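Undergrad: In case you want the letters, here they are:
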Amino acid sequence: MTLSLALEARDLSQLPSRRDEDWRWTDLRGLIRELPAPSPEVSADVGPGPFGDLGEAVLLVVNGKVRGDLGLLNLGEGEARVVRLRFVSATAATGHGVKLAARLAPGAHLTLLESYEGQAADYLADAALSFQLETGARLERIVLASDDAEGVSVSIATVDLAPGADLAQTTLTDGARRQRLETRVAHPGQGAAVRMDGAYLVADRRHADLTTAVNHAGTDGTTDQLVKGVVADQGRGVFQGRITVSPGADRTDARMGHHALLLSDRAEVNAKPELLIFADDVACAHGNTVGALDEDALFYARQRGIPEAEARAMLTEAFIGEVIDRIVHEGAREVARAWAAERRVG
Amino acid sequence: MLSIKNLHARVEAAEILKGLSLELPAGEVHAIMGPNGAGKSTLSYVLTGRQGYEVTQGSATLDGEDLLSLEANERAARGVFLSFQYPLEIPGVPAMTFLRTAMNAQRKARGEPEISATEFIKRAREVAGQLKMDFDMLKRPLNVGFSGGEKKRMEIFQMAMLSPRLLILDETDSGLDIDALKIVADGVNALRSPDRAMLVITHYQRLLDYIRPDRVHVLAAGRIAATGGPELAHELEREGYDKYARAA
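Residue numbers (the working numbering), protein chains in the order written: chain A, 10 to 355; chain B, 923 to 1170.
One thing to keep in mind: the hints can contain errors.
Just a sample of chain A residues kept apart from chain B, beta carbon distances all over 10 Å, derived [as the list claims (entries may be wrong)]:
no.	residue
1	S124
2	P172
3	P282
4	G296
5	R311
6	R313
7	H338
So the derived label-pair ranges between C-beta atoms look like this [stated by the list, open to error]:
no.	chain 1	residue 1	chain 2	residue 2	range
8	A	N297	B	K1030	48 to 56 Å
9	B	G974	A	D62	45 to 53 Å
10	B	E937	A	G300	27 to 35 Å
11	B	A948	A	D303	19 to 27 Å
12	B	I1037	A	N297	35 to 43 Å
13	A	A347	B	S1085	30 to 38 Å
14	A	A53	B	D1056	24 to 32 Å
15	A	P115	B	D1099	56 to 64 Å
16	B	R1032	A	D242	47 to 55 Å
17	A	D62	B	I1100	30 to 38 Å
18	B	G974	A	T298	38 to 46 Å
19	A	E317	B	D1099	32 to 40 Å
Simulated from the structure, these hints should not be mistaken for lab results. Values in this document were obtained by computation on a predicted structure and should not be read as measured data. Yeah, the Cβ is synthetic: ideal placement off N, Cα and C, and Gly gets one too.
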């Protein structure tokens, strides 16, 4: 059951629904009553996108149609590149999907500045990405989703790591009418390393779902995950994080943290952190907290003269800052910082 | 400067302040001493506008202006500063950023122009030097991982930078060794001036050897039970608070 199947087959019954355990908080079947017309191919200018002119190359995908060279996502041995990958939804009340594959040869290094941009209202967008990392390859993936408040958007990435490969990911979103950003990682251990971070800043009636699954199949692998969320108004944040340590995947080191702030009585966070451990000799830890902004810290800031709204914004921005500080690519880190400052929902 | 009349305040259902009156003229330093639970910290929070502290009767004015109807940040902009007994840690916000935000918010509220970054850093260097603080500490997230003494020094640093008119020091000596106490007291004494007033809240007389008060008030059971000169602090040190606790 996926959005892409539903779009391809033009069959509503293919949509995931609350009956699917993995989709129970992001019900598409109950939301979408009618599949919209397929999105047209458009040639309009779509502007610079949130990452501006960072990187050496850009690959545009507008309404599900690729503009540019797909070869940018195939890196030869030892090759290094910074690519902006932009998914733009440009036509209202239409639907589209796209599938892309990236391959990193041994020792290759790709920094992917990936954006989801809603430039119209009320669209259905689906993206399926697959990444294959050979031995010693490195992928830093920074995902910035700015969908429209009325858009429905799903992105599902699968990452296949070879021993010694390195995936560092940061997903940033402010949600949509319904939005799911999902990443599934096949982790072979053997020196491969994963960092799987995310931040959601959700206000109004928006919905953001960050779902991740990392499956450790071999010994000596690491996964480090830090996800933070701030939800205001009637917003809803969903975090589903699953780390599985398969039998025999000894000496796995897996850490997961998910922390969310609720800024209103009607804001909602649904969290399902899971560590499934089937090996003996492992170091695993997880922490999950959902709470309000620290009133003591708020009073402290106000006693120094900072008005309440500004104090709240400062504290929530600092809260999210911990995730942003871990972004390696400096330009992207600054874009992310500005994004968090603009969208501060305090 | 500060005039408190018949102040009654409660926290949740419990009445903590029960008719407290106090006159603190400009240029003076008054100590508030009292046993645990007498309402010392409640007084500091009521004066600075913390939520959850409800005034049921009485008044508190600063140069004739009603303090109690102002928001916490508005009181700060009018020059009310509280040095916290337990300063908060603010992860992710460098001390410099925090303080500059506070300073500019106060200036904006008073209709003054913002301080420039260079001017701010120049002043910060001067004040940090006076307090024998490592300037690099100001680049770290405010109070995160600081020792008790470092946090108290950071409070005095903020106080010196913000240059308030009414200074409330809540148990500033707690957590300080004798060397840190001297540095902090020097910092406070440097701020004494004819147009400032200070309220020094403390359980022990020790701090008052370094910050010499003009008047000493004993706070017991929510009101001022006695007022005297500096000698009163020594008497309390010798004889304890028993007779005031009993009288209440």
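Undergrad: Any of the earlier hints contradicted here, and which numbers?
TA: 5, 6, 8, 11, 14, 16, 17 and 18
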